[in-house]
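Asks: Below, each chain spelled out in residue letters.
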Amino acid sequence: MADYSFNGGIVIKNPYLVDKVEIIQAPLPTKVVLSLQQLGGQVKPCVSIGDYVLVGQVIASAKDGFSVPIHAPISGVVLSIDKQTIAHQSGLKSECITIESDGKDKWIDRKNNHVDFLHYSTKALIEAIQKSGIVGLGGAGFPTHIKIDKVVDCHTLIINGTECEPGVMCDDALMQFHPREIIRGVEILLHICGAKRVIIAIEEDKQVAYHALLTFNHNDRISVNQIPTKYTSGAEKLLIKALLDVEIPSGGFAVDKGIICQNIATAKAVFDAVISHRPLVSRIVTVTGDGVRPNNFEVRLGASFEHLISLVSPNKRVHNYRMGGMMMGIDVADINAPIGKTTSAIFVNNQVQKPVIQECIRCGQCSEVCPVGLLPQQLYWHAKSENIEKALNYNLPDCIECACCDYVCPSHIPLASYFSFAKALGKQQTREQDKSNIARERFECREHRLERNKLERTQMMADKKKVLKEKMAKEQSQKQKVDEAMQRVKQAKDKR
Amino acid sequence: MMRQVIYALSLGVMVAYYFFGWGVLLQIVLGVITAIAVESAFLALRGRDIISSISDGSAILTATLLAISIPSIAPWWVIIVGVSFAIIFGKQLYGGLGNNPFNPAMLGYVFLLISYPLQMSTWQVDFLSLNHALETVFNLNNIDVISGATKLDEVKNGLSLAGSIQQLEIHSPSQAWINAGFLLGGLYLLFRKVIFWHIPASFLIGIVISSMLLWMSNVDLYLSTQNHLMLGGTMLGAFFIATDPVSASTTSKGRIIYGFLIGVLIVIIRTFGGYPDGIAFAVLLMNMTVPLIDAYTQPKVFGQ
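Chains F and Z, in that order, are what the protein sequence lines are.
Residues in the first sequence are numbered from 1 upward in steps of one, following the numbering used here.
Residues in the second sequence are numbered from 1 upward in steps of one, following the numbering used here.
The reader is advised that the hints may include incorrect statements.
Here are the simulated SDA-like pairs of lysine to any residue, each with C-alpha atoms no more than 25 angstroms apart in a straight line [said to hold, decoys possible]:
1. F:Lys390 <-> Z:Val290
2. Z:Lys193 <-> F:Ser411
3. F:Lys427 <-> F:Gly141
4. Z:Lys300 <-> F:Glu386
5. Z:Lys300 <-> F:Val255
6. F:Lys257 <-> Z:Val301
7. F:Lys427 <-> Z:Gln304
8. Z:Lys253 <-> F:Ser5
9. F:Lys390 <-> Z:Ser252
10. Z:Lys300 <-> F:Gly252
11. Z:Lys193 <-> F:Ser5
12. Z:Lys253 <-> F:Leu392
13. Z:Lys300 <-> F:Ile413
14. Z:Lys300 <-> F:Tyr394
15. Z:Lys300 <-> F:Trp381
16. Z:Lys253 <-> F:Ile400
17. F:Lys384 <-> Z:Tyr94
18. Z:Lys253 <-> F:Ser411
19. Z:Lys193 <-> F:Pro166
20. F:Lys13 <-> Z:Phe191
21. Z:Lys253 <-> F:Tyr394
22. Z:Lys300 <-> F:Ser250
23. F:Lys390 <-> Z:Gly98
24. Z:Lys300 <-> F:Met328
25. F:Lys466 <-> F:Lys479
26. F:Lys384 <-> Z:Val301
27. F:Lys384 <-> Z:Leu43
28. F:Lys384 <-> Z:Gly98
29. F:Lys390 <-> Z:Met288
These are calculated hints, taken from the structure and not from any lab test.
Isolated chain F, as found in the complex (with noise of 0.2 angstroms):
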């Protein structure tokens, strides 16, 4: 068996220890804003402007297989369908469904029925996942139901348990109140993908969640394994190293080896919509930071983070907003942006000095803490020149942007800024690279058809040519022949 870690990575406590994880009910939001963009697929809203909608009615239907329906998360009436700033750090807008609330968080008609899961096909399983817009909550956001779908022979399914970064409470929170439902969860996916045993993977710093998921499990496929808090624990392939000892192989998935990984939120949600046919309409989110006092809180999807941050009311001096973690999240530029599916975690933090930025003295503290082995300051060194081939060679892609390689950069480079930068360069050097390539193939293309089109034509002048020249000598023929009938015909005439 595996030591249950894998090479680099960094400790870190939680900066923001609170006695006591709860989670908090937020109050309904006077408004929420669903983003229509999803990972990949595509949907498509099925309500307009002034209709009143219930909580958990379908608003945007799935055009594909591969996207999952949106929900209303409050009653109310569609206020608008238009572009609206969604969480990003350069305040993109995207395409969004406004609903205003009426305060009565008026639900559709949820069948109350209390058949085991077993009794429903797996089919059918699938399908409710998907009717109820899970997707994994961990960061991705890769809609559920494909992931558990399509399996051939899965042996292992992981539970992640483990807090995606330092500071954020979310799921522990989850596990200490709800293990009952994680558990039934859990047994409806395994249910799903048929592996031959579950591992639910939980930090040794949580005690208290670890208790209650035990408390709870009465399942021999299920074991609850607990692995040291380290950072980039979290990430899928580095569970995978931790708890199974197998790499999953640069450019690969986990499915490919028999493995699924499922995160623990999603578990409860696959709970919530298979059991209790409630969709995915709130979540839970951690707000954190040495500008508040952490909490995590239930809250509808589609709120804004400032009805979340007004919930904890940050003194004034509060200048920085921060999405997702410490390590990996963002900077949000508009507070009013919406809370969506995968936001585990708000970073509220007085104004931070940025530390000043010094050149790299190359001590490969970076390479040290590296969890997937790279050379950071040989790839700073070639994303800075923009020597994006260089960086290749370094194995670019293969970086997981964890920014371990920040935390413990003396100079205080921002090195995994660098390295998603040198990749969206790749990125479009490629696309550039496949336009000209395209571009000179239609080129050659057309000069290839020019020529034969020249070919064709003089032989098709050949051929006219000759069929002319046939002719002529035809006619030749014929006029001698007629000239020669005529000289006999002359030559009898003389001769009388």
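Since the structure of chain F is already known, use the hints to place chain Z on it.
Replies: Quick look at chain Z alone, frame taken from chain F:
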């Protein structure tokens, strides 16, 4: 980071002061002043921010390392010329901190060693008072300190006269104690995780293995491993000079190769070379091989 290194150096410096007196500190003060002045001037010429570059401590560290490497009774201009050369040609001309392929302090040291062999090979034997040190370094009076060669020098020259190593009576408590001081400082750096264990460990192992092989081949001709470890600048080199991050190898495996080969080269130069102590040459030689070592010791990437 560089500051931690300077703190760690202080123990060895204090031991050196205990044995050799004020000359040691005088050289450091002269060196640091020169380093700050030259670095500031060059940064101004290059239009860079002076304060942040000076405050990173790297120029001061270069000056300190060079100052404790040269004889403490060397004339005042020696350290000034050496530090200037180290800062200008070893560092700034390559683009400043982080871009220099060679260890600046060692570049300065080799420059002095080649240019001023006389001043670089006269070491004092006893403690100097402040007055005495000032007079000697600034050449105010006629030099009247008792000076001589280092033990490694003696071995090199003495072997041709004496029959065997044993007859030379190699015993130098001062050098052993100074080495112990630097060893402790180095362990502090390891403990604080300012340096990694790879280079010092493989450096010392390189010295131990190669000196052991030589010594076992002929006990009369070659210095024992113990002497190699305790004489000269062995510990200073292992923990403070070879570990300079900028010019050393950067991969884990690379650091081990780098350190080991420096250790081996030191023993070879000490034994067969023309100079008594080979640390500077060994480090500079290995600096040259760093790009090659780095290229061939890339770690295995996850999933590949």
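Asks: For every hint, state whether the structure bears it out.
Replies: So, going through the hints one by one against the coordinates:
The straight-line distance between the Cα atoms of lysine 390 of chain F and valine 290 of chain Z is roughly 18 angstroms, inside the 25 angstroms bound, and the hint therefore holds. Straight-line distance between C-alpha atoms of lysine 193 of chain Z and serine 411 of chain F comes to about 16 angstroms, which keeps the hinted pair within the 25 angstroms bound. Between lysine 427 of chain F and glycine 141 of chain F the alpha-carbon distance is near 22 angstroms, which keeps this suggested pair within the 25 angstroms criterion. A threshold of 25 angstroms between alpha carbons decides the hint, and for lysine 300 of chain Z with glutamate 386 of chain F the separation of about 24 angstroms falls inside it, so the pair holds.
Annotation: proposed proximity of lysine 300 of chain Z to valine 255 of chain F holds, straight-line Cα distance about 23 angstroms (limit 25 angstroms). For the proposed pair lysine 257 of chain F and valine 301 of chain Z, the alpha carbon gap of about 19 angstroms is at most 25 angstroms, so the pair holds. At most 25 angstroms may separate the alpha-carbon atoms for a hinted pair to count; lysine 427 of chain F and glutamine 304 of chain Z meet this at roughly 21 angstroms. Taking the CA atoms of lysine 253 of chain Z and serine 5 of chain F, the gap is near 21 angstroms; set against the 25 angstroms cutoff, the hint holds.
Between the alpha carbons of lysine 390 of chain F and serine 252 of chain Z the distance comes to roughly 21 angstroms, so the proposed pair stays at or under 25 angstroms and holds. Pair hint lysine 300 of chain Z plus glycine 252 of chain F holds up; C-alpha atoms about 16 angstroms apart against a cutoff of 25 angstroms. Under the criterion of a C-alpha separation no larger than 25 angstroms, the hint pairing lysine 193 of chain Z with serine 5 of chain F is consistent with the structure, at around 21 angstroms. At roughly 21 angstroms between alpha-carbon atoms, lysine 253 of chain Z and leucine 392 of chain F fall within 25 angstroms of each other, so this suggested pair holds.
A threshold of 25 angstroms between alpha carbons decides the hint, and for lysine 300 of chain Z with isoleucine 413 of chain F the separation of about 24 angstroms falls inside it, so the pair holds. A C-alpha spacing of about 11 angstroms is found between lysine 300 of chain Z and tyrosine 394 of chain F, which places the hinted pair at or below 25 angstroms, so the restraint holds. For a cut-off of 25 angstroms, the pair hint linking lysine 300 of chain Z to tryptophan 381 of chain F stands: about 19 angstroms separates their Cα positions. Proposed proximity of lysine 253 of chain Z and isoleucine 400 of chain F is supported: the alpha carbons are some 23 angstroms apart, at most 25 angstroms.
Restraint check: the Cα-Cα separation between lysine 384 of chain F and tyrosine 94 of chain Z comes to about 17 angstroms, which is no more than 25 angstroms; the hinted pair holds. Of the supplied pair hints, the one linking lysine 253 of chain Z and serine 411 of chain F holds, its CA atoms being roughly 23 angstroms apart against a limit of 25 angstroms. For a cut-off of 25 angstroms, the pair hint linking lysine 193 of chain Z to proline 166 of chain F stands: about 22 angstroms separates their Cα positions. For the hint linking lysine 13 of chain F to phenylalanine 191 of chain Z, the alpha-carbon distance of about 21 angstroms falls within 25 angstroms, and the restraint holds.
Taking the CA atoms of lysine 253 of chain Z and tyrosine 394 of chain F, the gap is about 16 angstroms. The hint holds against a cut of 25 angstroms. Simply put, lysine 300 of chain Z and serine 250 of chain F have alpha-carbon atoms about 11 angstroms apart, close enough for the 25 angstroms limit, and the pair holds. This hinted pair checks out: lysine 390 of chain F and glycine 98 of chain Z have alpha carbons roughly 20 angstroms apart, not beyond 25 angstroms. Using a Cα cut-off of 25 angstroms, the hinted pair lysine 300 of chain Z and methionine 328 of chain F holds, with the two alpha carbons roughly 24 angstroms apart.
Restraint check for lysine 466 of chain F and lysine 479 of chain F: satisfied, since their Cα atoms lie roughly 19 angstroms apart, inside the 25 angstroms limit. Distance restraint check for lysine 384 of chain F and valine 301 of chain Z: the Cα-Cα separation of roughly 21 angstroms lies within the 25 angstroms cut-off, and the hinted pair is therefore satisfied. Distance hint between lysine 384 of chain F and leucine 43 of chain Z is fulfilled; the C-alpha atoms sit about 22 angstroms from each other, no more than 25 angstroms. In summary, the hint linking lysine 384 of chain F to glycine 98 of chain Z is supported, as the alpha carbons are separated by about 14 angstroms, within the 25 angstroms threshold.
Among the hinted pairs, lysine 390 of chain F with methionine 288 of chain Z is consistent with the structure: their alpha-carbon atoms are about 21 angstroms apart, no more than 25 angstroms.
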